[in-house]
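Participant: First to last, the sequence lines map onto chains R and D. Just so you know, my numbering puts 227 at position 209 of the first sequence, and the rest follows in order with no gaps. Just so you know, my numbering puts 217 at position 201 of the second sequence, and the rest follows in order with no gaps.
Hints may contain errors.
So the derived label-pair ranges between C-beta atoms look like this [claimed, not checked]:
#1 R/Val51 x D/Arg166: 31 to 39 Å
#2 D/Val226 x R/Phe98: 48 to 56 Å
#3 D/Asp219 x R/Asp214: 34 to 42 Å
#4 R/Arg45 x D/Asp203: 20 to 28 Å
#5 D/Val42 x R/Ser259: 20 to 28 Å
#6 D/Gly125 x R/His89: 26 to 34 Å
Here are a few chain D residues that face chain R, going by a calculated C-beta distance under 10 Å [said to hold, decoys possible]:
#7 Phe112
#8 Ile143
#9 Arg166
#10 Asn197
#11 Ile238
#12 Val263
#13 Leu297
By construction, these hints were calculated from the structure, which means they are not laboratory data. Yeah, the Cβ is synthetic: ideal placement off N, Cα and C, and Gly gets one too.
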Amino acid sequence: MSAVLADMPGAVAPATTKAIAPSKGGRPWTFYVLATLFAAYVLALYGPMFCIYILSFQDIRGGLVFPMKGHSMHWFVDLFTQVRTGDVKGSFDRSIKLAVIVTIITVVVSFLAGLGFRRRFRGDTFVFYMMIGSLVAPGLVLGLGTGLLFQALGLNASWYTSALGAQLSWTLPFGVLVMFAVMSRFNHVWEEAAYDLGASRWQSIWLVMIPVLAPGLVAVALFGFTLSYDEFARSLQTAGSLNTLPLEIWSMTLNVTSPSLYALGTVTTIVSFIVIGASLGTIVLIQKKRGSRSKG
Amino acid sequence: MQSSSTPSRSDLAGWLYVSPLVLVLVPFFVAPILVVLAASFFATDGFGGLTPGFTLASYVEVLHSALTLKLYMATIKFTVLTWIFTLIIGFFVAYFLVFHVRNQLLAIGLFLLCTVPFWTSNIIRMISWIPLLGKEGLINQALLGIGVIRQPLEVLLFSDLAVVIAYVHQLTIFMIVPIFNSMARIDKKLIEAAIDAGASRFDIMRLIVVPMSKSGIALGTIFVVSIVMGDFFVVKVMSGGGSASVVSAFYEDVGVLQYPTAAASAVLLTLVLVAIVSLILRTVDIRQEITR
Numbered sequence: 019m020s021a022v023l024a025d026m027p028g029a030v031a032p033a034t035t036k037a038i039a040p041s042k043g044g045r046p047w048t049f050y051v052l053a054t055l056f057a058a059y060v061l062a063l064y065g066p067m068f069c070i071y072i073l074s075f076q077d078i079r080g081g082l083v084f085p086m087k088g089h090s091m092h093w094f095v096d097l098f099t100q101v102r103t104g105d106v107k108g109s110f111d112r113s114i115k116l117a118v119i120v121t122i123i124t125v126v127v128s129f130l131a132g133l134g135f136r137r138r139f140r141g142d143t144f145v146f147y148m149m150i151g152s153l154v155a156p157g158l159v160l161g162l163g164t165g166l167l168f169q170a171l172g173l174n175a176s177w178y179t180s181a182l183g184a185q186l187s188w189t190l191p192f193g194v195l196v197m198f199a200v201m202s203r204f205n206h207v208w209e210e211a212a213y214d215l216g217a218s219r220w221q222s223i224w225l226v227m228i229p230v231l232a233p234g235l236v237a238v239a240l241f242g243f244t245l246s247y248d249e250f251a252r253s254l255q256t257a258g259s260l261n262t263l264p265l266e267i268w269s270m271t272l273n274v275t276s277p278s279l280y281a282l283g284t285v286t287t288i289v290s291f292i293v294i295g296a297s298l299g300t301i302v303l304i305q306k307k308r309g310s311r312s313k314g
Numbered sequence: 017m018q019s020s021s022t023p024s025r026s027d028l029a030g031w032l033y034v035s036p037l038v039l040v041l042v043p044f045f046v047a048p049i050l051v052v053l054a055a056s057f058f059a060t061d062g063f064g065g066l067t068p069g070f071t072l073a074s075y076v077e078v079l080h081s082a083l084t085l086k087l088y089m090a091t092i093k094f095t096v097l098t099w100i101f102t103l104i105i106g107f108f109v110a111y112f113l114v115f116h117v118r119n120q121l122l123a124i125g126l127f128l129l130c131t132v133p134f135w136t137s138n139i140i141r142m143i144s145w146i147p148l149l150g151k152e153g154l155i156n157q158a159l160l161g162i163g164v165i166r167q168p169l170e171v172l173l174f175s176d177l178a179v180v181i182a183y184v185h186q187l188t189i190f191m192i193v194p195i196f197n198s199m200a201r202i203d204k205k206l207i208e209a210a211i212d213a214g215a216s217r218f219d220i221m222r223l224i225v226v227p228m229s230k231s232g233i234a235l236g237t238i239f240v241v242s243i244v245m246g247d248f249f250v251v252k253v254m255s256g257g258g259s260a261s262v263v264s265a266f267y268e269d270v271g272v273l274q275y276p277t278a279a280a281s282a283v284l285l286t287l288v289l290v291a292i293v294s295l296i297l298r299t300v301d302i303r304q305e306i307t308r
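With the hints as constraints, model all of the structure from the sequences given.
Facilitator: Below you can see the structure in the form of structure tokens.
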């Protein structure tokens, strides 16, 4: 889905793009209509989220709706100290660890699969459709199947075994699809040149492909981390006795009716934003470094 | 493509590269689906124990219950409504970004602005509607304030409307990205040629933009349809327990350990989903689409 995302700073092509309408002078009326639609969409996208971030900073009298009652960090303290809200700290910890493991595996496996899918081989369509199936299958059903499978094999379900696998069945198809988009922009001439200069297959991957594809690999990592960190349906039946963060949030939505819930929303969003920022920053940095090197 | 003089060797290399992927998908996608399929034929003692065997009792039960029809109708209603709204919004947002924003850097920035929430928690984004739509929420407060209504509207939260709002909020991005992707590849010279040949802007939309965005629309549709049909927590939370979908009923069945019935209903749902997805895939070769 993200040919564009994968290498967006790289996509800044020379300005060949022109609006359909004459590119100078007055805008057609549709511009104003669509600009309004776009603004409304962005407002609806972010507005509700900002409401809960603001509401999470209320003091002890705070409720679930506006108006704001005072300002304090009360509900953040409440979140990490109260027993009644469950094991937020532990689940937070587990979710981060799990997301890191999922990210590493997703990057490596998607990269290899991306290399494999560059050429047709017997059975490639089968593997491709297996992947699409894994992407579109209802998560809860897959999670239950995985849970029952572990039960039948006499294994204990836990976040680092069954939930890890269940999450990979979700992050890998995404990762490989992003890899497809990234690979389609890789110029095979560079690889050929590496072979001509006597590189081994391993050297051409390590010294040519990985550095060239680095921004795309960061994009795959971003997908891996955030999809795992927020994954819910597939983990529900596979996480075993210890909850991951989304499962904790889920149980809170069912029985906590205080701004603690919003505070948790604010905290998880901050983590997501740090990860998104770091990934996009890395991509931009790599591109910049490349730009300066080619000039210098 | 290479000449296939040594097919066996390149086949082997291909399989070697995808083997880690296959090693994950077989135990965590193929096997669980088979387990669910097997469980749908088992009998149950009613306490969560499964008796291996072969009975179609669960299917008979699922297919004979009036509830099944109701659940599918509800699921289809949510799917169709969400699809229509995400398609309309997604198409025009992508159209605006590709054809109306003249500065390409700005277009990419605005595009990123749309995608950022995709990387944050869905559950949090869903509950963030509570302060807006609730009985004492902002929308009711505003409407009461300007005197449009006397009583707060209760239909806003914990209703089918809230469910559709939450879906559209979460899933429009799945339409925007693939449609943006296909629109961005439309050669602008084609459109200039059409203008020169006297096409109206409506003609351009109808004869060039829509047909050439078809694959993006198909891809977005697959994402939206499969996510809505497989969802249960939006329905459960946003309808306040008032509505149910196929998967939310499945969730309740699992909760009371009715595994075979749940499995039978899951198998039926999966078949429906496979049918829909393969119908869509007939119109577009997504592998070609992504790698092009």
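Participant: Sort out which numbered hints this structure fails and list those numbers smallest first.
Facilitator: 3 and 9
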